[in-house]
Amino acid sequence: MKRLLFGVVDAIKAKSIQFIITTSFTLVTVLVVLFVGVMLYSKFSDTAEQNAYLNTQQILEQVKYNLDSYLIGTTQIFELVDDKIRRSQSVTSEKLNEQLEAIVETRKDIVSIAVFSKKGELLMGTPAKPMRNNSKLTEQSWFRSAIDDPNNLSFSLPHIQNLFKGEYTWVVSMSRGITLKGENGDIPAVLLVDVNFKEIDDLCQRVGLGKKGYVYIIDLVGNIVYHPQQQLIYVGLKNENRSLPLKYSYGSYVDETEGEKRLITIKTVDQLGWKIIGVSYMDEIVTTKNEISRFIFWLLIFVIVIVLFVLSYISAKISRPIKMLERSMERVEQGDFTAGGPIRGSQEVEQLSSRFHLMMDKVRELMNQIIAEQEAKRKSELEVLQAQIHPHFLYNTLNSVVRMVGIGKNEDVITTITSLSKLFRISLSRGKSIITVQEELEHVRHYLIIQKMRYKQKFEYEIEAQDEVLSCKTLKLLLQPIVENAIYHGIEHMADPGFIHISASLCEGKVLFQVRDNGLGMSPEVLDGVLAGSYKSEGGSGVGIHNIHERIRLSYGEGYGLEMESEQEVGTVVKVWIPCLPDDAQEG
Amino acid sequence: MGTIKRYTLYTLLMLIAITAFYSCEAKVEDPKQSKKKTVALIVRMKHGDYWRTVKLGAEMAAKEYDLNLNFYAPDYEEDSQSQMELLRQATLDGYDALVVAPSDDQVLQETIGLAQSSVPIITLDTEGQLPQVKSYIGTDNYDMGKKACEKMVQLIGKKGHIALVGTGRSTANAVSREKGVRDVIAQDKQVELVPVDYVQLDKKLIGELTRELVRHNPGVKGIIALDASTSIGVAEEIEKMGLQEKIKIVAIDSPPEVLEYLQEGVISATIIQKPFSMGYLGVKYALEASEGKQVPERVDTGTKVIDRDNMFWSENQKLLFPFVK
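So the sequence lines, in the order shown, correspond to chains A and B.
Take the first sequence: its position 401, counted from the start at 1, is 401 in the UniProt record's numbering, and no numbers get skipped.
Take the second sequence: its position 269, counted from the start at 1, is 269 in the UniProt record's numbering, and no numbers get skipped.
Calculated directly from the structure, the hints in this document are not laboratory data.
You can trust all of the hints, since none of them are fake.
With beta-carbon atoms standing in for the labels, derived distance ranges:
{"id": "1", "chain 1": "A", "residue 1": "73", "chain 2": "B", "residue 2": "78", "range": "44 to 52 Å"}
{"id": "2", "chain 1": "B", "residue 1": "13", "chain 2": "A", "residue 2": "40", "range": "21 to 29 Å"}
{"id": "3", "chain 1": "A", "residue 1": "249", "chain 2": "B", "residue 2": "246", "range": "54 to 62 Å"}
{"id": "4", "chain 1": "B", "residue 1": "13", "chain 2": "A", "residue 2": "61", "range": "47 to 55 Å"}
{"id": "5", "chain 1": "A", "residue 1": "147", "chain 2": "B", "residue 2": "305", "range": "28 to 36 Å"}
{"id": "6", "chain 1": "A", "residue 1": "92", "chain 2": "B", "residue 2": "305", "range": "36 to 44 Å"}
{"id": "7", "chain 1": "A", "residue 1": "241", "chain 2": "B", "residue 2": "198", "range": "46 to 54 Å"}
{"id": "8", "chain 1": "B", "residue 1": "239", "chain 2": "A", "residue 2": "223", "range": "32 to 40 Å"}
Quick caveat, the model's predicted, so the values are computed rather than measured.
Glycine is no exception: its CB is placed at the ideal position from the N, C-alpha and C atoms.
Using the sequences plus the hints, can you model the full thing?
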């Protein structure tokens with residue numbers, strides 16, 4: 001986990017693959033989820049709002065329908081009653097009374113049927129109950145409207161019926177002018193049918209709009225017909241803005257005057273012009289919206305978290321092998337060629353890794369080779385140097401010099417000592433490993449002078465060189481070991497006087513040294529052993545022919561080196577091939 | 001990474017995912033469940049328009065503020081024993097706020113004893129001054145007494161003897177009303193109060209008392225009854241004696257009988273309370289108090305003088321006849 005964290009921090013610093021993958025994918029996912037979320041939210045909330053509107057509309061439509069049909073029903077009853085009274089001979093007739101009683105009994109919502117004279121006297125009443133005092137019926141709205149407009153059926157607001165003794169009941173009064181047949185002509189009167197308000201009250205009370213919403217009814221001028229909180233409104237604890245619904249017959253609007261946002265829906269009852277007003281609370285609709293938005297919000301967070309988790313895992317999986325590869329390259333850069341094994345990961349990375357490792361193997365091989373070559377070169381040079389200052393050679397030479405002094409051959413002594421000094425001077429040649437061909441030949445000549453002194457003229461020699469090659473460069477001390485071999489192995493044990501011929505020439509663009517002797521020669525097996533370096537002779541400087549061959553090849557490459565031909569009892573020819581490198585920089 | 005390890009990781013991720021998902025769901029659902037509060041309403045009597053109207057108002061508030069209302073009431077008024085039992089029952093049922101109309105002080109003390117200190121207590125229709133009670137909601141009974149007396153003074157032409165019936169009751173409400181009446185009379189030199197004995201709350205005894213009162217004080221011009229039952233008893237007796245023209249009656253409250261007598265002219269006026277407002281405000285403030293909001297310490301729901309002229313005004317009809325039958 002901690003590593004993952006550090007990984008993320010590192011990734012952010014540099015725009016790593018991990019960072020790019022994680023951020024881009026997260027961004028895309030977040031955008032997609034946001035887009036979908038916003039779409040879903042708007043769709044859902046639209047639908048929720050639509051449903052709320054529709055629901056309210058439907059409920060109100062139902063209330064309206066019920067109310068309408070109820071009012072139509074009561075109107076029919078009224079017409080029936082009216083008809084019966086008109087047909088009857090007299091309002092006090094037994095038959096009429098029976099008929100009306102039957103109506104009141106079958107229709108439980110009819111509270112009473114009564115006919116009043118213009119002065120407010122009771123002419124007929126069903127059920128027959130005594131009148132109350134102080135009812136002030138002529139002042140009541142139903143009476144007045146029947147007198148003012150006798151041909152129109154009027155519905156009163158719900159009120160307490162106080163005309164007859166018994167219980168006080170809430171009624172809606174239907175009234176109209178009626179003409180009765182009397183003994184002295186027609187008598188204008190008022191027909192009153194009181195309908196129990198309970199049915200309408202129940203109808204409205206049953207309607208719920210959400211948890212808090214309700215339905216109320218007002219008449220044409222804004223008086224409350226029904227309101228569940230009527231008492232609170234009269235007491236002043238509540239206020240219902242009734243002026244705005246009065247202006248409309250249909251439709252809905254959002255009202256904020258009571259502090260809360262409320263959806264007001266209005267329908268009008270065809271019969272009376274009463275307005276049914278549905279009040280639903282917006283916060284209940286909004287609750288649905290809030291729930292949706294909260295859900296989408298959590299979903300978004302959840303998706304982002306999951307996506308981040310998965311992406312950081314995936315990107316880490318992709319980028320880790322690359323990082324590992326990079327790390328092992330870094331180690332190589334610092335010089336550790338043994339770094340790392342194969343890295344597992346995607347196909348590309350695995351291939352990259354295996355290529356890299358192949359390459360590393362090659363480099364390592366070459367490095368080892370170079371190291372080995374360098375070591376060999378140094379070793380052979382060291383060997384040559386050691387050979388030069390070989391105590392045995394020096395001792396022998398000095399011995400010869402002493403002997404010569406003893407016999408008084410002063411001239412020979414001078415020659416020998418001079419040669420020896422020259423020999424050493426060239427050998428050392430201020431530590432340089434490259435000298436000119438001329439110097440090399442000089443060196444061999446001095447060596448041969450000394451050896452000739454020692455071997456008492458047992459051999460002759462000749463050195464010849466083309467002028468062009470004299471200034472060419474060569475590794476130093478190439479020829480001396482060959483000449484030494486020729487003397488020690490070829491000529492020393494020979495009965496006849498020996499001859500050593502040394503030449504330096506330009507052949508096929510290369511410099512060719514040839515050392516030829518007419519000594520004992522070698523058998524082919526020995527020849528092969530010498531060339532391969534496996535043959536080691538007794539005594540001598542210890543610098544093998546093979547060493548020279550190796551030195552040349554290390555310095556100049558494959559095309560150069562030694563060639564040897566030998567025949568027993570005839571002699572040996574050693575050819576030394578080196579490249580022709582003119583001595584352009586004349587440095588002392 | 002080993003395969004087993006990888007699968008473990010995937011499984012873990014899935015588990016986290018599922019848990020997170022369901023916790024989100026739970027977060028959405030939770031608040032709705034815990035939000036709905038319960039208010040217990042304990043009144044003095046199951047029957048009677050007065051207490052039924054209180055209940056109606058309380059139910060209105062419960063619907064409006066979306067809470068549970070538990071309603072408790074004994075069968076008879078002034079039955080403090082069964083009211084205390086109901087109190088214990090309410091405590092068992094659980095509530096977030098308590099609205100109580102205690103029959104006497106003992107019940108109120110019991111209420112305070114039973115309720116946890118964090119639960120707000122609101123009293124209805126009861127005077128008092130206890131620190132444990134968050135709010136007193138009810139009628140200003142002193143003012144009610146004053147109004148009754150002022151109406152009576154006006155009815156009898158500001159001159160003469162009047163009687164006060166229903167005095168000497170132990171309840172604080174009746175005491176306050178009586179004080180209101182007496183304070184008005186003390187200001188008016190021309191109106192005098194005739195002495196009346198204390199009687200039990202019994203219709204027959206009140207009738208007898210009224211008869212005695214009229215016999216001993218033939219010049220009495222008006223009677224003020226200090227509660228609904230007394231009002232009915234007095235009116236019945238006066239009607240029986242045929243003295244309704246001579247003796248004016250001012251009543252308290254509006255049971256159907258009082259309203260009948262009012263329309264018939266036996267009772268000249270009645271001072272009504274507003275039980276609907278009591279029930280509504282009781283529950284409303286109980287809810288607000290339980291939510292830690294500040295509620296008014298004393299709420300006067302108001303009174304109204306009703307006489308024959310205004311009893312059928314449309315704004316009074318709903319007050320006098322709260323139930324649609």
